[in-house]
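S.K.: For the record, the sequence lines run as chains A and B.
For the first sequence, our numbering assigns the number 71 to the initial residue and increments by one for each residue that follows.
For the second sequence, our numbering assigns the number 71 to the initial residue and increments by one for each residue that follows.
Calculated directly from the structure, the hints in this document are not laboratory data.
Hints may contain errors.
It does not matter which identical chain is meant; a pair holds if it fits inside one copy or across any two.
As the list claims (entries may be wrong) - Calculated lysine-lysine pairs in the BS3-like style (CA-CA distance at most 27 Å, straight line):
(1) Lys118 <-> Lys108
(2) Lys226 <-> Lys282
(3) Lys239 <-> Lys261
(4) Lys282 <-> Lys261
(5) Lys282 <-> Lys262
Remember, predicted model here, so these are calculated numbers, not experimental data.
There are 2 protein chains.
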Amino acid sequence: MKTKIGLVDDHQLFLKSLGLMLDSFNSYDVILEATNGKDLQEKIKGKKELPDIILVDVNMPVMDGVETTQWLSENHPEVKVVALSMNADDHTIISMFKAGCCGYLLKDTHPNELERALDEINKRGFYNADAGNINFRKILFHADEKNTLQLSEKEKHFLNLACSELTYKQIATEMNLAERTVDGYRETLFKKLNVQSRVGLCLEALRQELVKL
Amino acid sequence: MKTKIGLVDDHQLFLKSLGLMLDSFNSYDVILEATNGKDLQEKIKGKKELPDIILVDVNMPVMDGVETTQWLSENHPEVKVVALSMNADDHTIISMFKAGCCGYLLKDTHPNELERALDEINKRGFYNADAGNINFRKILFHADEKNTLQLSEKEKHFLNLACSELTYKQIATEMNLAERTVDGYRETLFKKLNVQSRVGLCLEALRQELVKL
DNA sequence: TTTCCATACGGGAAAAACCCCGTGTCGGTT
DNA sequence: AACCGACACGGGGTTTTTCCCGTATGGAAA
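Let the hints inform the model, and build the full structure from the sequences given.
M.R.: Have a look at this one:
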């Protein structure tokens with residue numbers, strides 16, 4: 071019997087064409103297609119049989135991959151979720167695994183790799199792309215890194231003000247502190263973010279998403 | 071005779087599955103697949119027959135959709151280029167049309183719409199998704215807005231260097247100019263972007279997507 | 001109790017950033 | 001020929017940033 075597959079992706083073209091491809095693998099059968107998490111919830115209700123594996127895109131409007139995966143693990147834990155994303159951003163990968171997915175595939179992997187991944191999930195219950203694109207050690211290492219960089223509320227506040235056209239004097243007034251004190255915050259943040267100018271501080275803060283643009 | 075199609079997209083899964091789908095339309099034949107513009111250039115060299123239509127993704131590494139389209143219009147003007155993108159960002163749409171594409175499709179359009187679009191391009195030579203997602207008036211309106219802020223190549227170069235930890239002195243060396251000269255660029259860019267500090271310049275440049283993070 | 005650490009603050013000085021004043025060249029317009 | 005705009009540049013000055021030297025307090029840990 072064929073393995074039943076569900077697809078969730080907001081790009082119709084990708085959704086439909088990936089469906090075609092999976093059907094062409096001919097030990098797989100796409101029985102469900104949805105354009106986002108909400109859509110999936112509704113379509114799953116009207117189904118008598120659930121998919122064995124659901125491939126879910128990470129970046130979606132309305133209800134994204136992480137939320138969708140969380141909902142699936144809570145309400146249909148027997149369904150295996152495989153994340154499908156275009157970016158190998160460590161943070162999102164971690165979020166997806168935390169949410170309960172059992173495999174992570176990049177959209178620029180080769181179709182053969184996709185088939186291998188599905189086979190493996192059928193057999194072992196999980197898939198690890200040790201072959202190439204995802205390095206778990208690196209992920210965990212980076213996860214630690216994120217945790218080591220913890221900023222106090224005041225530091226965050228300063229960082230936000232530093233990412234503006236205010237002078238340090240104005241920032242000091244804004245924070246009700248002496249000029250010398252905000253200078254201290256500047257020094258510590260320079261060290262923590264490993265930069266040597268205010269411009270560098272802003273750029274790095276934006277890169278690490280500590281402040282929004 | 072079938073219409074010959076070329077595909078350019080950095081996501082292997084999408085590339086291959088879209089290829090399958092187009093083949094299934096059965097008046098189209100995918101004869102060329104590439105993962106970015108550079109890749110396309112090389113693969114086109116070794117071909118005796120060119121595709122009639124090339125579908126090209128806008129967001130790609132190495133050589134993106136705009137560059138690829140420009141190259142195609144210059145070197146193979148007989149080939150019709152159709153842009154394929156996930157975002158309907160007006161600015162990129164304009165860039166693609168300026169570069170010479172004759173149609174713009176979103177990745178979340180329905181496969182039927184894709185087929186209709188291809189048919190129309192075959193017949194009329196262009197395709198306009200008046201059905202929905204792209205509003206040309208809005209595009210042209212925004213185009214005017216964008217055009218009021220035009221930067222020279224040197225200004226762009228300076229702007230990129232200003233969004234780094236380099237001092238103006240180092241930037242001057244980098245650009246082979248006197249310190250005073252880059253100071254002039256600073257002044258003009260401050261006025262153009264309506265800011266009064268280097269940090270503000272960086273932030274505004276990022277907001278207007280004049281520089282990448 | 002002492003030690004450590006986070007927080008808040010002061011003075012001084014070099015470097016960088018900011019903002020004026022101005023000159024001159026070059027290519028294209030009128 | 002006179003004019004204009006874009007570009008490259010010089011001097012000089014103020015403000016801001018950056019980076020040292022320190023001190024003091026209060027709480028948590030050894």
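S.K.: Run every hint past the structure and note whether it holds.
M.R.: Each hint tested on the structure:
For the homomeric pair Lys118 and Lys108, the shortest alpha-carbon distance inside one copy (18 Å) is at most 27 Å, but the shortest distance between copies (48 Å) is not. When the C-alpha separation of Lys226 and Lys282 is checked against a cutoff of 27 Å, the pair qualifies both within a copy, at 12 Å, and between copies, at 23 Å. Taking CA atoms no more than 27 Å apart as the test, Lys239 paired with Lys261 passes in both settings, with 21 Å inside one copy and 24 Å between copies. In this assembly of identical chains, the alpha carbons of Lys282 and Lys261 lie at most 27 Å apart whether taken from the same copy (21 Å) or from different copies (24 Å).
In the homo-oligomer, the alpha carbons of Lys282 and Lys262 lie at most 27 Å apart both inside one protomer (18 Å) and across protomers (23 Å), since each shortest distance falls under that limit.
The structure fails none of the hints (numbered hints given earlier).
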